[in-house]
Structure formats: structure tokens, C-alpha cells
Amino acid sequence: MRLLLSLSVLCLLLMLASILIGPAGAGIGESIRALWTGDDALGLVMREIRLPRAVLGAAVGASLGLSGAAMQGYLRNPLAEPGLIGVSASAALGAVIALQTGLATALALALPLSALTGAVIAVGLILLLAGPGGGSLGLILAGVAISAFAGALTSLVLNLSPNPFAAGEIVFWMMGSLADRSWLHVAIAAPIMAAGAALLWGSGRGLDALTLGEDGAASMGINLRALRLRVVLGVAAMVGAATAVAGAIGFVGLVVPHLLRGAVGGRPGRLLAASALGGAALVLAADIAVRVVMPGRDLKLGVVMALIGAPVFLQLIWRQRRGL
Amino acid sequence: MVKIAAALLIALASAAVAAPQRVVSMNLCTDQLAMLIAAPGQLVSVSWLAADPSVSVMADKAADFPLNHGAAEELFLDAPDLVLAGTYSTGPATDMLRRLGIRVETLPPANSVSDIRHGITDMGALLDQPERAARVLAQFDADLAAIRPGQARLAATYAANGFTTGPESLSGDAMSRAGLVLLADRLGLAGGQIALEQLVMAAPELLVTGSRYSTPSRAESVLDHPAFTAIPTTRRTVPDRDWICGLPAIAGTIADLSE
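Here the protein sequences come in this chain order: B and F. Residue 63 in UniProt numbering is what sits at position 63 of the first sequence, and the numbering runs on without skipping anything. Residue 196 in UniProt numbering is what sits at position 196 of the second sequence, and the numbering runs on without skipping anything.
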């Protein structure tokens, strides 16, 4: 409980920092006043540019952290991360198809739903190829194949677009960014994220039981089929909605559960809530970093996350190798 | 017989040096300048972009010409005696054509109205049509002289990826000549990317946007951002084709902006 409280406080502080940092360069008191009362340019900046960006950053981070923790709990493998095993890449493919076919223009919710469909296919394939409790090798190989295929198809769709700017956006879909996002993006992602969170929230007891193995969990009265459906749909909804509006941001679901696992006594059920808060804090911090380090250059979030995440990933592989 | 053939060859060769007879253009901007100045029949092909109305102001006229795609092979098969290219267009193709012994001339992009005047004269010299070029130039100067700059208003262009025009560009020069004060100048920027926040805070009196493509892109989505649409300002659209290339038609754009 104390862990969740301190993570919440950290998130709030980072959100405050996120809405106070930006190229407009106004004072702190002035900015906060403008957030409530300002009808002028600063009010517009605070309410329509900075606030949606901070809210979206927290929501995307929470989604990625939570889905990472859920996947790792279900597969009983700390390497299972939506970005690494191709779920984010497939969600990006779904989003790009919805945008380029005009589906997203006709119906705003088609964007996250199409990304969700892409993510469901990827999660389904991963479970089929790697299997619960399966080895890391199968998981990572399946992930490499799905990532490469989805990435190539995303590039193809964007290259075929009659809009010359689209081809330049391959980087965004692979690396992710929160620059210039608005309340519209929050509005289309939030309902899908909420549905995913509700599904995953209820899976905590099942994931805890699963640490005893499938037979053990079944003997405790856990319906494994229902649990699998919850995890697949929940992860796909959260990753799909996050990717549809912010691109594929990797490593969040790897780093956050890894850091927090010790603090929750290694229980996957308790790890869910902690990872959601931790993920929100990490993405908010990374989004502040891209604005402070290279202002005005739209440094991609995925770059910062890879710098933090790749060493953690390598260390996990090293530890697993020694354990074999 | 051999003597006659030799004499004919020499005559043809000297004519080629004097005035190119088969000119191929492979760059949107040289396409349009060449169409304005070349004598009938002198220009045998222009690039496919010249026929695309979203980037070319002379798409109708370009439809009369065979179109090329700037590949060395197809240009060589046209048997040109002069190939016109932009300074920064398809380097490998122009290198290949030069190796094959074809005369390739490049024209730099125009970054100002005075660059356009030089471009017209240079094109006239390359095509050996100085009188035709002089007529185009005289009309351009007359159009420019007729422009009455409007009141000095703070103005900015805003385009995909948050790009805004700086002073060292054709669109910047055109806006200055229309009497507008460039936001990039006011902020001490050379142009390029500017954050939406900065644009909102600077509150320009006139916002100029360009063409939009029918399929969406994230680069252009900044132009749909609620904060961008909420900026209290006068808005105008200038199609990209009007100032991609340095053409005398820019006088009309300047006149429109000065109103």
C-alpha cells in the first residue's frame, strides 16, 4: 500500500512538471493560473497543448506498464513485453491501415479499434507459438518474426500512401512520440484503455495462482481459458489504444515490472497496479526528457526508452542464461 | 557523298551549339520556366511533376508534352542535345547523362524574387532565346511594379511538421514584398520547425497555410490541433504550387497577399 501511495505521488509530481515544461517559457505561477482562468494565448497553451500531452503520457505509460506485467505473469517469463514481442508493432500496423484507408476519418474510434485488432492477432500468435510456461527462446523468436513482419507491412502501407509525408512517418510508428497530441487523442484512447484495464484488473488472482503451475491453478478453481481470454483482450486493448495515438513505445512493460517485482514480493497480482503507476511515471519522465534534452526537435520517446530499456533487457537475458 | 554528309554533320553540330533543338527538362522548376521561354517545338519532354496540379501551376500546358520520370535511361532515349535539371535533383542520373556525353545544365532553386529574375535570363541564355526571355522578364517587372504593399502585419506560414517560412526563402521574400512582417524574423529564427506553443504565444495577425493531401499524415495533423484552430487571427491559404518554384506567377501571389 505504501508502494502504491509513493508511486502515485511520483506520478502527480511528474505530471505537474510535464505541464510546466515547454518552449513557451512562462513562469510557474502564471502557468498554473492560466490553466484555470486564462482566456489568452497562455491559457490555450496550458489547456489544449500541455495538459492533454501530460494526461496522454500518463495513460499510455500506465497501459504499457500494466500490460507488460500481465503478459509476464501469464507467460511466467520476465522477457514478455508488448514492444519486444511484436504486439506494439502489430497495433501500429492496424492503426496505419485505419488511417490510410480513411476508416479513421469516417469514425474516430476506428483508429484504436483497428490497432486493437492488430494487437489481438499478435498476442494470439505469441500464445500459440510460445505457449504459457514455454521457454524464452520460443517467445523471443516468435516476437522477432511478428515484429519484423508487422514493421515491414507498416512501411509498405506508408510507402503506398499518396501523401508524401506518410513515408516519413515510419519512425513515428516505430518509436512513438507525444508531441502535439490533443484532447481528441485522449478521448479516443481512454475508453478502450479503460476496458482493457478492467479486464486485466480482474486477472490478478488468476495470475497469482498460475505461479503454482497450470495444474496447481486449475486445482485452486481458476478457469484457465477465461484467464487467457482476459489477458489477451486486456493486453491488446491497452497496447492497441496506446499505440494508436502515441506510436509504438517499447521497453516500458519490461523495465517497470522488473524494477518493481522485488517491492511486491514477486506476486504477479500485486505487480499489476504497481506497474501501471510505475509505467505512467516512466513515460512522463521520458517525455519530459525529450523536451528538455532536445527542445523543438521532436526526439522520439522510443529512443529514450531504448536507452533505458535495452541494458535491462540484456541483463535479464544474461541472468536467464546463467540460470539454465 | 562523304563530303556532303560531313558538311551536313558540321552544320548540325554548330546549330546545336547555337540553339539546342531537343531540350528535355527533368525538374519541376526548370520544366515550368522552360515551358514559358522555349520556342515552339524546342522542348521535347518535361517531368511528370509538371503535370501534377498539386505542385505545378502549368499542369494544363505540361499535358501537351511527353512526361519523363527523371531516369537516365529514358532521358537518353529521347536523344536530347540539352538536359535541364535543378541543382539538387537526381545527382546519379545527371552524372550518368554527362558520362554519356549529353550536355546537362543545372539551375539553382530561387530563394527570392531577384533569383527569379536571374533564372529567367539564365533560362533564355541556355535555350538561346534571349528575346523571348526578355519579354517574360519585362512583363514580370511590370507586374511587380504594380504591387502596392499592404499594411505591416505580423504573419507566419505554418505547414506540416510545424515548419514556418524564414526570410531566406521565396515565400518569405514574397510575404515581405506584400508588406508583411515575418514571425520568424521577429523571433530571430532562420525559419524551420517552430513549436505549436511558440506559435500560439506569438499570436501572429495573419496565418498562411498551404495545400493539404486527402489522405491523413501525422506530419500535417498539427494543422488540425484544437490549439492551432483556436488562435485568434486572420487565416489565408496559399497553395504550395504558387511558391515551390521561382516563376513570374509569384507576382500574382504577392498581390493577393498584400490585400
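Please note that a few of the clues may not be correct.
Pair ranges (Cβ atoms, derived) [said to hold, decoys possible]:
| no. | chain 1 | residue 1 | chain 2 | residue 2 | range |
| --- | --- | --- | --- | --- | --- |
| 1 | F | G41 | B | L156 | 42 to 50 Å |
| 2 | F | R22 | B | V144 | 49 to 57 Å |
| 3 | F | P226 | B | L229 | 35 to 43 Å |
| 4 | F | T234 | B | L12 | 25 to 33 Å |
| 5 | F | P226 | B | S155 | 28 to 36 Å |
Which residues of chain B face chain F? A few of them, derived with a C-beta cut under 8 Å, are [said to hold, decoys possible]:
| no. | residue |
| --- | --- |
| 6 | A24 |
| 7 | G27 |
| 8 | I49 |
| 9 | Q100 |
| 10 | G168 |
| 11 | D180 |
| 12 | S182 |
| 13 | A289 |
Derived from the structure by calculation, the hints contain no laboratory data. Built from N, CA and C at the ideal position, the CB exists for glycine as well.
For each hint, the structure was consulted:
no.	hint	in the structure
1	F/G41 <-> B/L156: 42 to 50 Å	43 Å, holds
2	F/R22 <-> B/V144: 49 to 57 Å	54 Å, holds
3	F/P226 <-> B/L229: 35 to 43 Å	38 Å, holds
4	F/T234 <-> B/L12: 25 to 33 Å	41 Å, violated
5	F/P226 <-> B/S155: 28 to 36 Å	31 Å, holds
6	A24	4 Å, holds
7	G27	13 Å, violated
8	I49	5 Å, holds
9	Q100	6 Å, holds
10	G168	7 Å, holds
11	D180	5 Å, holds
12	S182	5 Å, holds
13	A289	16 Å, violated
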